[in-house]
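**Student:** With the hints as extra help, turn the sequences into a complete structure.
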Amino acid sequence: MKIVVLVKEVPDMESKFKIIGDAKIDESQIAFKMNDFDEYAVEAALQLKEKFGGEVVILSSGPERVTKEVRQAFAMGADWGIHVSDPQIDEGDNYVVAGALVKAIESVGGVDLVLTGVQAEDDQAGLTGVFAADMLNFAHCTNVVKIEVGGDQKALTINRELEGGLNEVLEMAMPAVLTIQSGINQPRYPTLPGIMKAKKKRLDLKKAADLGISALGEAGSKTKFHKMYFPVSEHKAEIIQGDAKAAAKTLVDKLRNEAKVI
Amino acid sequence: MARILVIAEQRNGKLSEATLELCKAAKEIASGLGATPAAAVFFKDDSLAKEVANYIPEVFAVVDGKLGAYDADYYAQAVKAVVEGQDVKGVLIPHSYDGVDYAGKAALAIGAGIVSNCNKATVEGGAVVFTRNTYNGKIQEQKSVKTDKFVATFEKGAYDKEAAGGAGSVTAVAVSLGDSRRKIKEVIATMAGSVDISQAKVIVSGGRGTKEKDKYNDVIVNLAKKLGGEYAASRPVVDAGWTDAARQVGQSGKTVAPVLYVAAGISGAIQHVAGMKGSQCIVAINKDPEAPIFNIATYGIVGDLFEVIPAMMEALG
Ligand SMILES: Cc1cc2nc3c(=O)[nH]c(=O)nc-3n(C[C@H](O)[C@H](O)[C@H](O)COP(=O)(O)OP(=O)(O)OC[C@H]3O[C@@H](n4cnc5c(N)ncnc54)[C@H](O)[C@@H]3O)c2cc1C
Ligand SMILES: Nc1ncnc2c1ncn2[C@@H]1O[C@H](COP(=O)(O)O)[C@@H](O)[C@H]1O
Chain B
1 MKIVVLVKEV
11 PDMESKFKII
21 GDAKIDESQI
31 AFKMNDFDEY
41 AVEAALQLKE
51 KFGGEVVILS
61 SGPERVTKEV
71 RQAFAMGADW
81 GIHVSDPQID
91 EGDNYVVAGA
101 LVKAIESVGG
111 VDLVLTGVQA
121 EDDQAGLTGV
131 FAADMLNFAH
141 CTNVVKIEVG
151 GDQKALTINR
161 ELEGGLNEVL
171 EMAMPAVLTI
181 QSGINQPRYP
191 TLPGIMKAKK
201 KRLDLKKAAD
211 LGISALGEAG
221 SKTKFHKMYF
231 PVSEHKAEII
241 QGDAKAAAKT
251 LVDKLRNEAK
261 VI
Chain U
1 MARILVIAEQ
11 RNGKLSEATL
21 ELCKAAKEIA
31 SGLGATPAAA
41 VFFKDDSLAK
51 EVANYIPEVF
61 AVVDGKLGAY
71 DADYYAQAVK
81 AVVEGQDVKG
91 VLIPHSYDGV
101 DYAGKAALAI
111 GAGIVSNCNK
121 ATVEGGAVVF
131 TRNTYNGKIQ
141 EQKSVKTDKF
151 VATFEKGAYD
161 KEAAGGAGSV
171 TAVAVSLGDS
181 RRKIKEVIAT
191 MAGSVDISQA
201 KVIVSGGRGT
211 KEKDKYNDVI
221 VNLAKKLGGE
231 YAASRPVVDA
241 GWTDAARQVG
251 QSGKTVAPVL
261 YVAAGISGAI
271 QHVAGMKGSQ
281 CIVAINKDPE
291 APIFNIATYG
301 IVGDLFEVIP
311 AMMEALG
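Chains as they are written, first to last, in the working numbering: chain B, 1 to 262; chain U, 1 to 317.
Honestly, the hints are just simulated from the structure, not real lab data. Some clues are possibly wrong.
Below, a list of computed lysine-lysine pairs in the DSSO-like style, where the Cα atoms sit at most 30 Å apart [unchecked claim]:
id	chain 1	residue 1	chain 2	residue 2
1	U	Lys-225	B	Lys-245
2	B	Lys-245	U	Lys-213
3	B	Lys-254	U	Lys-211
4	B	Lys-146	U	Lys-44
**Tutor:** This is the structure:
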């Protein structure tokens, strides 16, 4: 089974965010990591490979930095990868990025499954997997929490998460795109030998021109970014000051005598 | 006149609240653009279309035996047919499990740009500007589409539901649906558990910031016991197996509204907040002063929960 996993690098959300000119975050202050949901997707792919054989290909679009996350997936056990590296793609919206990722998937050839995260923690769009499926003309399913492969290795039985603790169980044929929800598995930690091997694994670099992409940057996008800002809340909490001990004491007092909830 | 079209959503023949909320969004956007608000209901009969007509003046009913339950391929085909046949400018879809599953596909089918996961829309100079959460709720951004038509998905609760003055019209639209590549086998419940946290008066909830199972038990479970309440968790805690799924609060877990909800080491992602924002008094304990949870909390302590919670235990006596 040939599986491509889309891996995105995102800021660690506990980083200190600063916005430059209403337009972008100050990346110099940010620690980057693999999108959480994508870690579950990598693990899901590795488990399928262990059961059915084949290969796991990691695909990521972004600046040079993202090779760190690709190598992390290699260290977990993925076989090889493609780094789509072109600022003209990164400047585009989800439509442009999905289009570029699809070209890279097509360049792999004979792909049975494409796994993505449910959403990226930074843009929270939840669009890339669905776009990619449509562009590839593959069947798809989002919010996947269980994958079973049928005997002939062409049929899938999938649980799609629904609201209120429900799952929809559905069947479809490969090739398919699945967007993977957290909790589907317990992602493994890279081992030391894994990390050593990861350094030597094949990582192809592709520019927009190599992939023959015409929709690029802002011009190729179907959406337009206006601005970004920190939310202003009308309901901002009353922040209780003091060291932990003093604050805790004040809090308990307020819960007892002001809010009267304990 | 061009239309702003809500795509209704149902499960087991019950309309979602989000559908009715979006009827209000459609009215607001339509009035700003000089368009008219409408909805499309895809179902096996026209009963739900009649229900939606209590919230919006014009409803298109696409009736087909294939539309008894949601399906991505059928929905994308049906959206395309209604948009192309009825002079639709904008399509509004709930950012729900089903909505997320087909909205991107529907947008490509009609050649429209899509802005997903929005919480607000305003009309500025004839264009619709959408506001949405990014970076796990730490930053808001505004976007619009460059295409003639647009698709937008909205968070639950972004708009209030509001009945229309009278019953709207229901018009049948015939659509010939092709094939679907998916086949639904069944819908199953996966979160059954012995405990029902939704009945508790006090809930102490721990997030990823509690670090590991033993520590979660140590601080969260103990504080809950001390306060005579139940303990609960955000999704990552359940994913990691530190506590049972029946204790998860949020969009994919339980909805709770206790008298007191203590959120410790929880950032306040929209999917978590969806399950607890109705609580009477919310306490947030988080070491990050910018954590979005402080935007909905009553009281906040910026600090290390492993210091604050033991100090609370002590102060409680
Ligand atoms: C379709 C869908 C459904 C979802 N459903 C749910 C749901 O039902 N429920 C849910 O909770 N989530 C749900 N999520 C996940 C949600 O998006 C967030 O990822 C999740 O809520 C984050 O959990 P958290 O706040 O515990 O972790 P994080 O976002 O990682 O936050 C951890 C917080 O702990 C703080 N912290 C760390 N150490 C300390 C310390 N020592 N002291 C104090 N504070 C500390 C950090 O500052 C941070 O704010 C869903 C997501 C999707 C896409
Ligand atoms: N630049 C990228 N490179 C690789 N994968 C991506 C990229 N952007 C998005 N994805 C994938 O698409 C998923 C959903 O992202 P989004 O649509 O941005 O919410 C992510 O979890 C990734 O699996």
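**Student:** For every hint, state whether the structure bears it out.
**Tutor:** How the hints compare with the structure:
Only pairs whose Cα atoms come within 30 Å are accepted, and Lys-225 (chain U) paired with Lys-245 (chain B) is accepted, the gap being roughly 20 Å. At most 30 Å may separate the alpha-carbon atoms for a hinted pair to count; Lys-245 (chain B) and Lys-213 (chain U) meet this at roughly 24 Å. As the CA atoms of Lys-254 (chain B) and Lys-211 (chain U) are separated by approximately 28 Å, the hinted pair is consistent with the 30 Å bound. The hinted pair formed by Lys-146 (chain B) and Lys-44 (chain U) meets the criterion: a straight-line CA distance of about 29 Å does not exceed 30 Å.
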